[in-house]
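Chemist: Listed here are the chains, written in short residue letters.
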Amino acid sequence: DQQVKQNSPSLSVQEGRISILNCDYTNSMFDYFLWYKKYPAEGPTFLISISSIKDKNEDGRFTVFLNKSAKHLSLHIVPSQPGDSAVYFCAATPTSGTYKYIFGTGTRLKVLA
Amino acid sequence: DAGITQSPRHKVTETGTPVTLRCHQTENHRYMYWYRQDPGHGLRLIHYSYGVKDTDKGEVSDGYSVSRSKTEDFLLTLESATSSQTSVYFCAITQGRAGELFFGEGSRLTVL
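Just so you know, the sequences run in chain order B and P.
The opening position of the first sequence corresponds to residue 57 in the working numbering, with each subsequent residue numbered one higher.
The opening position of the second sequence corresponds to residue -14 in the working numbering, with each subsequent residue numbered one higher.
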């Protein structure tokens, strides 16, 4: 049973436009969420996070939105740049109980110049 | 740089042989993790540790064991490697709850 789901395996966006990556979760114990970017042959790198006490968090071109009632989060990248082309993973963890960080299957973003 | 070193970075082995991957960290982080990355499956948690000698299973722990005898080292062992364990393995650390995971560069394992 996949607790964190990224239903879009890939996404193509024109340079300068908005990229929207989506993530759904099923475990109501998750209350801290993270997004990671991964380039080939490198380890994933942290992008942005959000706690369940918030519904939005911004960091430069990156904004994460959290809809707790729908158990859905999204990552917005504005404006998209060719260097943003990578695989993006969302992850979730509870802040009590276990120490597990569970990841989704990833979305490959391609930003077209 | 979170001071994580994985070794070996690349390994080719044969089915049935034992394999140990090492994750070494230099910053005294309490929590350490082993993930595997496979196409279509994303990053899946194998085992994690929340202190010396304190470990627990993740999502895909069958066929793997771990040990953490000192803070800086977290070892992942495949007792008898199978072709289904061909993957890229990532070690990660975090300092505490509600913190970012920092990943190592990965260890690519091929089991023939």
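Be aware that a few hints might be false.
[What the hints assert, rightly or not] Examples of chain P residues lying across from chain B (beta carbon under 10 Å, computed): (1) G(-12); (2) Q(-9); (3) P(-7); (4) V(-3); (5) E(-1); (6) G27; (7) R29; (8) L63; (9) C76.
[What the hints assert, rightly or not] Over 10 Å on every C-beta distance to chain P, these chain B residues come out as not near it, computed from the model: (10) G72; (11) R73; (12) I74; (13) I76; (14) M85; (15) S105; (16) K110; (17) E114; (18) D115; (19) R117; (20) S125; (21) A126; (22) T154; (23) T161.
Bear in mind the hints are in silico, worked out from the structure with no lab data behind them.
This structure is a prediction, so every number in the text was calculated from the model and none was measured.
For each residue, glycine too, the CB sits at the ideal point set by N, CA and C.
Chemist: Would you mind marking each hint as holding or not holding in the structure?
Modeler: For each hint, the structure was consulted:
1. G(-12): With a closest approach of 13 Å, the G(-12) of chain P hint is violated.
2. Q(-9): holds, 9 Å
3. P(-7): violated, 15 Å
4. V(-3): violated, 17 Å
5. E(-1): Interface hint status for E(-1) of chain P: violated (24 Å vs cutoff 10 Å).
6. G27: holds, 4 Å
7. R29: Hint on R29 of chain P: holds, closest Cβ of chain B at ~7 Å, below 10 Å.
8. L63: At 20 Å from the nearest chain B Cβ, L63 of chain P fails the 10 Å test, so the hint is violated.
9. C76: Because about 9 Å separates C76 of chain P from the closest Cβ in chain B, which is inside the 10 Å limit, the hint holds.
10. G72: holds, 28 Å
11. R73: Label holds. Min Cβ-Cβ 25 Å, cutoff 10 Å.
12. I74: Consistent with the label, I74 of chain B stays out of reach of chain P, its closest Cβ about 24 Å off (over 10 Å).
13. I76: Its Cβ never comes within 10 Å of chain P, the nearest being 19 Å, so this holds.
14. M85: At about 13 Å from chain P, M85 of chain B clears the 10 Å cut-off, so the statement holds.
15. S105: At about 7 Å from chain P, S105 of chain B fails to clear the 10 Å cut-off, so the statement is violated.
16. K110: Its Cβ never comes within 10 Å of chain P, the nearest being 12 Å, so this holds.
17. E114: The claim holds: E114 of chain B sits with its nearest Cβ about 17 Å from chain P, beyond 10 Å.
18. D115: holds, 12 Å
19. R117: holds, 18 Å
20. S125: holds, 21 Å
21. A126: holds, 21 Å
22. T154: violated, 7 Å
23. T161: At about 4 Å from chain P, T161 of chain B fails to clear the 10 Å cut-off, so the statement is violated.
Of the numbered hints given earlier, the model fails hints 1, 3, 4, 5, 8, 15, 22 and 23; all others are met.
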